[in-house]
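Colleague: Listed below are the residues making up each chain.
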Amino acid sequence: MKKSGTLMIIGSALLLGLFIFPLWNIQLEAPQYPDPLGMNIYISGIEGEEEFDIQNIDGINHYIGMKKIPTPAEMWEFNTFPLVIGGMATLGALLGILGFFKIIGPKWFLGWLILMTVLGVLGMIDFNNWLTDYGTDLDPRAIMKLTDSEGNPLSYKPPLFGSQKILNFTAHSYPRAGAYLMFIGMLLTLVAWLLGRKSKTMELNKN
Amino acid sequence: MKNIIKITVLGILGLFLQSCGNDGSSGSKSGAITSNAAERVYVAPGEHDEYYAFLSGGYSGNLTVYGLPSGRLLKEIPVFSQFPTNGYGYSEETVPMLNTSFGFVPWGDAHHPDISQTEGELDGRWIFINENNTPRIARISLETFETEEIIEIPHSAGNHSSSFITENTEYVVAGTRFSVPYPQEDMAIDQMKGNFKGPLTFIAIDDNGRMNIDFQLKMPGFNYDLSHPGRGDSHGWFFFTTYNTEEAHTMQEVNASQNDKDFIAAVNWKKIQEYVKNGGGEEIDAEYAHNVFDHSTQTATTTMEKKVLTVDPREVEGAVYFMPTPKSPHGCDVDPSGEYIVGNGKLSTDLTVHSFSKMLKAIENEDFDGDAYGIPVLNFDSTLAGTVKEGGLGPLHTEFDGKGNAYTTFFISSEVVKWKLGTWEVLDRQPSYYSVGHLMIPGGNSREPYGKYMISMNKITKDRYLPTGPELEHSAQLYDISGEKMELLLDFPTHGEPHYAAGIPAEKIKSKSKKIYRLDENKHEYAAISESETKMVREGNEVHVYMTTVRSHFSPDNLEGIKVGDKVFFHVTNLEQDFDVPHGFAMIGANTSELLIMPGQTKTITWEPEKEGVWPFYCTDFCSALHQEMQGYVRVSGKNSNVPLKWTLDDEEIN
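Heads up: the sequence lines are chains A and B, in that order.
Residue numbers for the first sequence, in numbering that gives the first Met the number 0: 0 to 206.
Residue numbers for the second sequence, in numbering that gives the first Met the number 0: 0 to 654.
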């Protein structure tokens, strides 16, 4: 259980990378922007890749009536996400320590992973909802009102994952270091559970 | 294989046609042009040139920036002349740049650009350029490509042997080509001889580039034509060519060409610097403008200076010598090692090369051939390193490739001649189209030339391009000098009349080039940093409008309360912080230029409305898809009306 407990501690500690590195990144590329405009999405707020990118994205988006990129104070998520991630990292580390000293069994690790996965999926749904709102809730006085072939207002929602052409821009939406660390961390906790279960079975067999 | 045959056949046919057509003149026009020349100057769309070339604009008063090898014009930088394209010399902020002791001078004659150096190598911090007519030196930043400072040179005239820089940018010099009474006074012109002086001014450059006149050397009244600093072992010396040592005051064409030899003046500036530091020299009255553009306030200010330190060269032991040099020498060029000083005797077929080490020996041995106004004249033979015989006719300027070769332009015989330092043998000659003046090799007047390309700047264009009436732009030619023979690759038209140029590898400066001005560093007195700060303020009959631009509107865009007889100051701040998003501002009937405002900048023009009405203003730069909508109105009421000041955007008052 020692190895498994250690992995659990490391795995959950990797979540803390989200406090340093961005979770996600959206880049907007266009003929006039050979250096794409980009925003890094952190769990505590959105920042421009370059200093004035957010201002410039807002400047371009105002033509089609999109809202400004929200500040941390304007979205509850940026206050809640750090608490959730911090809490889950602490809980995971604690479970790891308890597992290390064989006070609890590996199923607790699996429990943590399931909880983390549920929270992660909820987070993604929330993120996607925000993107949809951002891309479709447009100012009725927008300068340019574009419609699709069926006459419906065009959606400017960037993709949740992948690249997509939106008017003259191509939006690229991909995870960044924070997300990768989280995925690796979660994978490690899965390994921790598997290892723990294996060593427990071995111990049972010994007895 | 078929294709190759086809191409060969076509090629041969082409040669045949070329040699037959127009009495062979089309063949001679392109000279010995190499077959793949186009490829070698081609810079593909979106690619960058290898070198920046800064060509002086001569009587345009400005500096033009080209890319090499493509010869593409990248920018015109306004320096000594008003430039309505962006409002330089018209905007309230930049009018002081053109102030002089003679008042506001809207035009200048820009001659010799030179890039700052550290340890004899181009460092790309600034480029300096002289104004010949109303003597001035300007400094241009190579981060913003804007003129930052202009200093007037008092007691001088014909500021031509300028603005050359010592190898650590200690000094930039400003010589005098038209000797004048020193200081100016009313006297009979035919009293010139012995009474006029040709001051040489040494301007110290501090770490921020700021210029200050350290001292002025009161030299005899010859014409100081061109100059270059010593480098390497000769660092600490400066060399100036002279002509009209006859001191003729009229019909100089003939009268200034009588002496077989004029001089190259060798000035040991380190000695004079020391002398001045120890309290030497005499402070005399002077009046000259010192104009500085401050990047934080984005505003230029003029300070009128009242004193200058003058030094009599005879008072400083061993500071100045004359080296006799034949035939009214023009260019004065020092090779990369600092050993050879080339005097381009412009009325001769030969070039005279002096040796720095031989000069030192001659000084030590007091090998003098008399004196001129108390300044020792060195024996001609004792400083002579060699003569380039029969180079051509009318040598003007020489540059170096750093591989032991020199390249000299010959105006009269219209050619560039390559010769070898040390053996003085002529290696190659190429015709120029036509009557070449200056030439430039990037870094060609430093310790480290980049000897790949050379451009010649030609004084006569005639038939090189499609005809455009009697007045033509000048023409430059690009040569590949990396091989044994010079190869002509390209002609390109230039703006104004380039007198000299300076070139530098693009890598040395391109990454430092600014993209925007930061709004949070904008300390302009009348800047509005956000739309909420925009307003109108009346002070008597002056109304200050604090206005902003952003894609795609002005704030405010409706202004009321202006009256006939008011003087309206439009202070326009561009709120953009995105690369290459300028906005323009133009007001109907304003007796001035437009403004072109870069992101983060504030610029001001004035407007004195004389008629009642509602008058539009608009953005002159196609800034965005809604550029055509980027306009506003000013209501002008009668002189005695009571319409209050009111400024709105989208019908809402701005607070």
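These are computed hints drawn from the structure, not numbers from a lab.
Misleading hints may appear alongside valid ones.
Said to hold, decoys possible - Heads up, simulated DSS-like pairs for lysine-lysine below, C-alpha to C-alpha not over 27 Å straight-line:
no. : chain 1 : residue 1 : chain 2 : residue 2
1   : B       : K388      : B       : K305
2   : A       : K67       : B       : K458
3   : A       : K66       : A       : K156
4   : A       : K67       : B       : K357
5   : B       : K562      : B       : K638
6   : B       : K402      : B       : K260
Colleague: Hints first: check each against the structure and report whether it holds.
Modeller: Status of the hints after comparison with the structure:
Between the alpha carbons of K388 (chain B) and K305 (chain B) the distance comes to roughly 49 Å, so the proposed pair goes past 27 Å and is violated. For the hint pairing K67 (chain A) with K458 (chain B), the CA-to-CA distance comes to about 57 Å; that exceeds 27 Å, so the pair is violated. For the given pair, K66 (chain A) sits about 12 Å from K156 (chain A) by alpha-carbon distance, which is consistent with the 27 Å threshold. Taking the CA atoms of K67 (chain A) and K357 (chain B), the gap is about 74 Å. The hint is violated against a cut of 27 Å.
Distance hint between K562 (chain B) and K638 (chain B) is fulfilled; the C-alpha atoms sit about 5 Å from each other, no more than 27 Å. Taking the CA atoms of K402 (chain B) and K260 (chain B), the gap is near 30 Å; set against the 27 Å cutoff, the hint is violated.
Checked against the numbered hints above, the structure violates hints 1, 2, 4, 6; every other hint is satisfied.
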